[in-house]
Every structure is written in structure tokens, then in C-alpha cells.
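Turn these sequences into a full structure, and let the hints steer you where they fit.
By the numbering used here, the letter at position 21 of the sequence shown is numbered 44, and the numbering carries on one by one without gaps.
Hints in this document: simulated from the structure, not taken from any laboratory.
Fair warning: this is a prediction, and the values are worked out from it, not measured in the lab.
Certain hints may be false.
DMTMM-like mimics (lysine to aspartate or glutamate), calculated; alpha carbons at most 20 Å apart, straight line [unchecked claim]: (1) K161 / E250; (2) K230 / E183; (3) K117 / E172; (4) K238 / E250; (5) K111 / D166; (6) K230 / D108.
What follows is a set of in silico ranges between Cβ atoms, one per label pair, in the way DEER data are often shown [to be verified]: (7) E212 / A118: 36 to 42 Å; (8) Q257 / V175: 46 to 52 Å; (9) I179 / A118: 19 to 25 Å; (10) E231 / S262: 43 to 49 Å; (11) A241 / I158: 20 to 26 Å; (12) A227 / M159: 19 to 25 Å; (13) E183 / G122: 31 to 37 Å.
Glycine included, each C-beta is placed from N, C-alpha and C at the ideal position.
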Amino acid sequence: EFHILKSRFEEIQSIVRQAELSVYRSSSSEAETRRLELEDRLAAVQEEYESLLTRNLSEADVEEVKAPLENAYSNKQTASLQAVDELKADITHKAAENGRLQTLIDDLQQRVKAGTAAPMANGKTIQQQIAEFDIMKKSLMRDLQNRCERVVELEISLDETREQYNNVLPSSNNRAQQKKMAFLERNLEQLTQVQRQLVEQNSALKKEVAIAERKLIARNERIQSLESLLQDSQEKLASANHKYAVPCAV
Numbered sequence: 024e025f026h027i028l029k030s031r032f033e034e035i036q037s038i039v040r041q042a043e044l045s046v047y048r049s050s051s052s053e054a055e056t057r058r059l060e061l062e063d064r065l066a067a068v069q070e071e072y073e074s075l076l077t078r079n080l081s082e083a084d085v086e087e088v089k090a091p092l093e094n095a096y097s098n099k100q101t102a103s104l105q106a107v108d109e110l111k112a113d114i115t116h117k118a119a120e121n122g123r124l125q126t127l128i129d130d131l132q133q134r135v136k137a138g139t140a141a142p143m144a145n146g147k148t149i150q151q152q153i154a155e156f157d158i159m160k161k162s163l164m165r166d167l168q169n170r171c172e173r174v175v176e177l178e179i180s181l182d183e184t185r186e187q188y189n190n191v192l193p194s195s196n197n198r199a200q201q202k203k204m205a206f207l208e209r210n211l212e213q214l215t216q217v218q219r220q221l222v223e224q225n226s227a228l229k230k231e232v233a234i235a236e237r238k239l240i241a242r243n244e245r246i247q248s249l250e251s252l253l254q255d256s257q258e259k260l261a262s263a264n265h266k267y268a269v270p271c272a273v
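Structure (C-alpha cells):
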């Protein structure tokens, strides 16, 4: 019965690894590639946009473009702040999850310390499986670090945009050409569109995180059930050993 429980424990760990690897691969490959593509487009549009902002405009031109400038800045500020808040919340959640995983690892190490040399059905010892679990934890920490760096980048970008916006409005030395105004407006529209796509992508990632959380909850429930069965089996084994020991002593 004890070997059966070990086999079930291995099966549960395999299911958990597959679910978690599927989620993190999706986040680190397709979602990451899409995010980088959108950020490259955003950077290109913003570079053209900023080059125009540095040119001098007449007072009349400033008034004409002031409204779209304010709208574009407000949209970018709102989207950036939302992205920062969501990333910070995600970081907090992942940090808590990492702490919980570490506690679980420590507990499992204590529970199976005496039997780490016994191989599982797949030929791996419990100690090896715990080592794999620790690798997954380190991967989670790297993801947390990347998200922290992303939050800092967003905050810096937001500050730079605010400074550029404040500097462009007082400029009133030369009259800009009408086509430059139209070009600026098109760039503003593109900037807003790319920013909206980034927000939509972040919403999609939040849905993936919710799915991962449900899988983690299911995994925890199965692990708790397994621990209960394991404890019951150990108690039965100890009782059986005691019964056999008594006749031998007699």
C-alpha cells in the first residue's frame, strides 16, 4: 500500500509539472514574443513622435494640437499606470506563491528524509523530484525579477513622457507645416493603438494566470489528500510492525 501511495504521489507531481510548464511556456514564449513585438512598434512610433515634439511650434499650432496631445498623453499615462499596477499585483502574488512552494518543499524534505534513497516507479528518487521542484521555483524567481525590471521601465517611460509633454506646449517660435501636424496626429493615433494592444495582451495574460491558479488549487487539494493517505498508511505500517514484533518477542 505504501508503494501504491508513492506511485500516486509521482503521478500527481507529473500532472502538476505539466500544468505549470504549460502555463510558464505560454507566458515566456508566445506571450513574451507578442509583447516584445508590440513594444518595438511602440518604441518606433514614440521615437518619431518625440522627434516632432522637440521642434518648435507657433502658439496657434500649439493650441490646435493641444487637445490630441492631451488625449494621447492621458491614454498612455492611464495604460502605463494600469500595467504597472497589474504587474506589481502579479509580482506580489507570485512572491506569495513562491513562499508557499518553499514551505511545501521544506515539509516534504522532512517527511521523506528517511526514505530519499528509495526509487520511484519512474526510476527517480524523491530527492531528485524535490530537486526538480526547486528548479521550477528558481524559474519562478527569474520571472519575478523580469517583471520587477519591467515595472521600473514603465515608470521611467511614464516620467519621460510627462516631461516631454510639459516641454512641448510652451514652444511657440516657428510655425510648423500643416502636413507635420497631420503626421503628428497620425503618430498619436498609432501610439494610442499600440498602447491599447498592450493593455489587451495584459488582460489575456491575467486570464492565463487565473487558469494557472485554478490548476494550483487542484494540485494542492490532491497533495493534501495524498499526505493524508500517506500518514494513514504509515500509521498502519507502524501498527503492523508492532503486531509482528510482539509474537517474536514472546
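For this structure, which hints from the list above don't hold up? Hint check: 1, 2 fail, others pass.
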